[in-house]
Amino acid sequence: MTTTNDQGAGSYRASGFEGQGTGLTQHSSGNPDRPYDEIDLSTEVFWSGTMDEREESFAVLRRERPITWQPPFEDQLMPVEDDYGYWAITTHRHLVEVTKRPQDFLSGPGIVMDNLPTEFLEAAQSIIAMDPPRHTKLRRLMSAAFTPKQMRRIEDQIKANATKVVDHLIEKAKTAPDGWVDFVAECGALLPMHNFNDMMGVPDGVRQKTSHEMSVMMSWGDDEITGSTREEKFTAIFNALTFMHQLSKETVDERRANPTGDLFTALAQAEVDGEKLTDHEIGSFFVLLTVAGNDTTRQSLAHGLRALTTHPEQRAWLTEDLEGRMQTSVEELVRWATPIMTFRRTAARDCELDGIQIAEGDKLVLFYSSANRDETAIEHAHELDLSRQPNPHISFGGGGIHHCLGNQLARFQIRALFIELLTRCPDIVAGEPELSPGNFFHVVKRMPCKPFAN
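Numbering (my numbering), first residue to last: 429 to 882.
Hints were generated in silico from the structure; no laboratory data involved.
Hints may be right or wrong, so weigh each one.
Claimed, not checked - Here are the simulated DMTMM-like pairs of lysine to aspartate or glutamate, each with C-alpha atoms no more than 20 Å apart in a straight line: (1) Lys677 / Glu547; (2) Lys592 / Glu614; (3) Lys587 / Glu614; (4) Lys878 / Glu614.
To be verified - Each pair of labels, with its calculated beta carbon distance range: (5) Gly689 / Ser656: 49 to 55 Å; (6) Asn459 / Pro687: 53 to 59 Å; (7) Glu678 / Gln504: 29 to 35 Å; (8) Glu678 / Thr738: 40 to 46 Å; (9) Glu484 / Ala685: 46 to 52 Å; (10) Ile784 / Thr564: 24 to 30 Å; (11) Pro687 / Gly633: 17 to 23 Å; (12) Gln817 / Ile784: 32 to 38 Å; (13) Pro507 / Val473: 17 to 23 Å.
Beta carbons are placed, not taken as given, at the ideal position from N, Cα and C, and that holds for glycine.
With the sequences and hints as input, model every part of the structure.
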């Protein structure tokens, strides 16, 4: 099976990553004379802290000036001369409004704060960075794999995988000298890996490799994972994308010759307006699903277990009726975790947002971690309340055309894992999580846990 490509990042054009084009450049953002807000959301230090530390700044902005002009992100992988900054969207209501105005605020020019080569974006972001009409057609096609009916069909497999990973965690803990093991490596990352790969039809021999490359895509700002220099980071991202696209192409070629019932087969056979999906389109969707499809579950499980440890009264309430109370608990744990912290949009034209004049080409960054703590939309938002209902969190998006396709899959997995875990390891506790620095994913890199009391 394919291994990573050892070419340098400068060779990405030769890799077959050329896509359909984004329509707008990634830079040309903002007025160089427009003053920045005194609260700076773009420093490396700001994004190296915890969510609670960042919330101190977000709370002031939501209350006093919810839409502010910010400098470009400080630690850019690809600095651009005429990138003058972005509008920071910090409230729940403004975030939802932007997501529901796709004609004004585009995803095609990119959805991350960092400037990255267009070829990288096209190879990794698929429909999440597309605009209508192409987005509409491809999303309708791909959403067939994620209907509630399809999710119910694989629910037994999800439960079986939850049992498998808890078995694994327990065995690891029994052999650990002090009973402490890394929850992420030995449980939290394994469940979505198995479920996603089962759905896609990824061959057994490359599943761990695929999971590793997913980590590169989630944590490009983490020097431990991608290296400390820009060249090392570009090369790591390039190699990850090359591996994923080559794996996708080889698997799709196999499915065209020998169809099965997996998602790779469905994509290989799918047509849009009478045309088959290209290898590049399938590969890009595979990358998107590998990253986004794993991340929401992985981070929600880790942050969720930590929350249950630090809020014993909420945990006690949940375990009184684990099956009956898990549905509302899943929603609250996903809100609490906010696995994806930011998304970017780009103004398609001169327009207005709540009285603020937005110029064509201006970037807007949506701060989901701030919106999920907005007490004007979510009562007592700074408290963990597993019984919260309704729960208008935006962890799966703020509505609109880019609402998370895999939201039901994530919910099914989180429910299955916590029911299995809290039934078999009712005294499990989690230590302090080690977070990866970054402004996109809320990544727990490591977190010790002890499944059994002394």
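Each hint, compared with the structure:
1. Taking the CA atoms of Lys677 and Glu547, the gap is near 17 Å; set against the 20 Å cutoff, the hint holds.
2. Restraint check: the Cα-Cα separation between Lys592 and Glu614 comes to about 11 Å, which is no more than 20 Å; the hinted pair holds.
3. Only pairs whose Cα atoms come within 20 Å are accepted, and Lys587 paired with Glu614 is accepted, the gap being roughly 17 Å.
4. Taken as a hint, the Lys878 and Glu614 pair is honoured in the structure, with Cα atoms around 12 Å apart against an allowance of 20 Å.
5. A hinted range of 49 to 55 Å is violated for the C-beta pair Gly689 and Ser656, which are about 44 Å apart.
6. Take Asn459 and Pro687: their Cβ atoms lie about 54 Å apart, and the range 53 to 59 Å holds.
7. Between Glu678 and Gln504 the beta carbons are some 34 Å apart, a value that agrees with the proposed interval 29 to 35 Å.
8. Taking the beta carbon of each, Glu678 and Thr738 are about 45 Å apart, inside 40 to 46 Å as hinted.
9. Restraint check, Glu484 to Ala685: a C-beta distance of roughly 57 Å breaks the suggested window 46 to 52 Å.
10. At roughly 28 Å, the beta carbons of Ile784 and Thr564 sit within the given window of 24 to 30 Å.
11. Range check, Pro687 to Gly633: Cβ separation about 21 Å, and the 17 to 23 Å hint holds.
12. The hinted range of 32 to 38 Å is satisfied by Gln817 and Ile784, whose Cβ atoms lie roughly 33 Å apart.
13. Evaluation of the 17 to 23 Å hint for Pro507 and Val473 yields a pass: the beta carbon distance comes to about 18 Å.
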